[in-house]
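Novice: Here are the chains, one letter per residue:
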Amino acid sequence: MANWNNLTKGFFRENPILVLLLGCCPTLATTTSAINGLSMGLATTFVLVLSNISISLLKNFIPNKVHIPCYIVVIASFVTVLQLLMQAYVPSIYETLGLFIPLIVVNCIVLGRAEAYACKNSIGASAVDGISMGLGYAMALTILGSIREILGSGSIFGWKFIEGDTILVFVLAPGAFIALGFLISIMNKILKKSN
Amino acid sequence: MAAKKDTLLNMFIAMFVISVVSGGVLGVVYNATKEPIAAAETAKKTEAIKNVLPEFETLNNINVKSAVENEDADLPFYLAYDANNNFIGAAIETFTNKGFSGNISLMVGILADGTVKNISVLQHAETPGLGSKMSEPSFKDQFNDKNAKSFNFNVKKDGGDVDAITAATISSRAFCDAVNRALLTFENNKGGF
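Listed in order, the protein sequences are those of chains C and E. Using the numbering used here, you'd call the opening residue of the first sequence number 1 and step up by one each time. Using the numbering used here, you'd call the opening residue of the second sequence number 1 and step up by one each time.
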């Protein structure tokens, strides 16, 4: 039961974007289309799970005063590994995400989970936490990306169903803020009801 | 078990070990992915060359200095010849730094008589949904089979014949700038092919 709760918390109760509001920078920048949001979410999940596992492994080895530099080195290594792998095997996705992959290093969620969860819990629980948070993040990014793609480009996952003019502002930065604001308010409503 | 004490030695050991292990892992992954990355890039380029030129037999890669005044840049030319060693045309890897965000790099196929055969976008960072439409046929195909003798490779706002992308005039201008760089350099050097 505890594990089940641990697994589901990332999607609703503690959704990193819609409830905790962590990691909004890549969220706003990469969600111009559903596929971009999904790939960014999955890339972050990969880093989050691996960094949570290793930090949980290392928690008794790292002295308190230097824990942040140590975490950053671990996280940065995983991000670079991911970047090289993506460049080699999925070059098309690598191109669209480009700049934002290195930015996963400074994504508050990754460091936040290391700090708040992985350094106090067992390896298994930390891995589940990483999966839950990462997939919750991916879910929020995909929803946000879909909304912006539907309204802004008239397509979904690249499949175009509206020809002609669309609401361009949703593809641009202001549209990201507007869509995110509405999503958060809907999430608040749902959470209030379920409580 | 609690975290190690904050002694200088413990801090030193922790950071040292973590850095060395991370460095080692990165080295291994870098070596393992070096070849696939290079292969992916070459594949992309070869694909682009095939896209922008008619069928050819042999390909010859040379670097030609950009013909734009006061510019110190080399453009890679891929010269295509048929089975009888006649020059068919060149695929030119051209660029512009006038993009809305960052450089744009294009592969432009130019036939021996100076006609643009086709264009392929190699890399850009333009606004998704606006400038990014430059890689769509509706924009880039208007350059196909056009010759500078009868077609002005500038956007209509600048007195040319190119229909700019709606709400992305800067990106359209940059695209034209890159195409013109390739055309100019080709014209200035075509005697030697």
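Check before you lean on any hint, since a few could be wrong.
[Said to hold, decoys possible] So these bits of chain C aren't anywhere near chain E, every CB distance computed over 12 angstroms:
id, residue
1, N3
2, L22
3, I62
4, K65
5, R148
6, L172
7, N188
8, I190
[Said to hold, decoys possible] Cross-link-like lysine to any residue pairs, in silico, SDA-like; alpha carbons within 20 angstroms at most:
id, chain 1, residue 1, chain 2, residue 2
9, E, K34, C, P91
10, E, K34, C, Q87
11, E, K5, C, P69
12, E, K44, C, I186
13, C, K59, E, K34
14, C, K59, E, T7
15, E, K5, C, Q87
16, E, K4, C, I68
Just so you know, these hints were derived from the structure itself, not from any lab. A virtual CB, placed ideally from N, CA and C, is assigned to each residue, including glycine.
Novice: Confirm or reject each hint.
Specialist: Outcome of the hint check:
No Cβ of chain E comes within 12 angstroms of the Cβ of N3(C); the nearest lies about 23 angstroms off, and the non-interface call holds. L22(C), annotated as away from the interface, keeps every beta carbon of chain E farther than 12 angstroms; the closest lies near 24 angstroms. Its closest Cβ contact with chain E, about 5 angstroms, brings I62(C) to no more than 12 angstroms, contrary to its assignment away from the interface. Not every C-beta of chain E lies more than 12 angstroms from that of K65(C), the closest at about 4 angstroms, which undercuts listing it as non-interface.
At the 12 angstroms boundary, the C-beta of R148(C) falls inside the reach of chain E, the nearest C-beta of that chain being 9 angstroms off. For L172(C), the condition that its CB be more than 12 angstroms from all CB atoms of chain E is violated, with the nearest at approximately 7 angstroms. The claim that N188(C) lies off the interface holds: its Cβ sits roughly 29 angstroms from the closest Cβ of chain E, which is beyond the 12 angstroms cut-off. Remark: the non-interface label on I190(C) is consistent with the geometry, its nearest Cβ contact in chain E lying 29 angstroms away (cut-off 12 angstroms).
For the suggested pair K34(E) and P91(C), the alpha carbons sit about 13 angstroms apart, so the restraint of at most 20 angstroms is met. With a CA separation close to 10 angstroms, the supplied pair K34(E) and Q87(C) stays within the 20 angstroms bound. Straight-line distance between C-alpha atoms of K5(E) and P69(C) comes to about 16 angstroms, which keeps the hinted pair within the 20 angstroms bound. Restraint check for K44(E) and I186(C): not satisfied, since their Cα atoms lie roughly 43 angstroms apart, outside the 20 angstroms limit.
Of the supplied pair hints, the one linking K59(C) and K34(E) is violated, its CA atoms being roughly 33 angstroms apart against a limit of 20 angstroms. Using a Cα cut-off of 20 angstroms, the hinted pair K59(C) and T7(E) holds, with the two alpha carbons roughly 16 angstroms apart. Distance hint between K5(E) and Q87(C) is unfulfilled; the C-alpha atoms sit about 41 angstroms from each other, more than 20 angstroms. A distance of roughly 15 angstroms separates the Cα atoms of K4(E) and I68(C); the hinted pair therefore holds under the 20 angstroms criterion.
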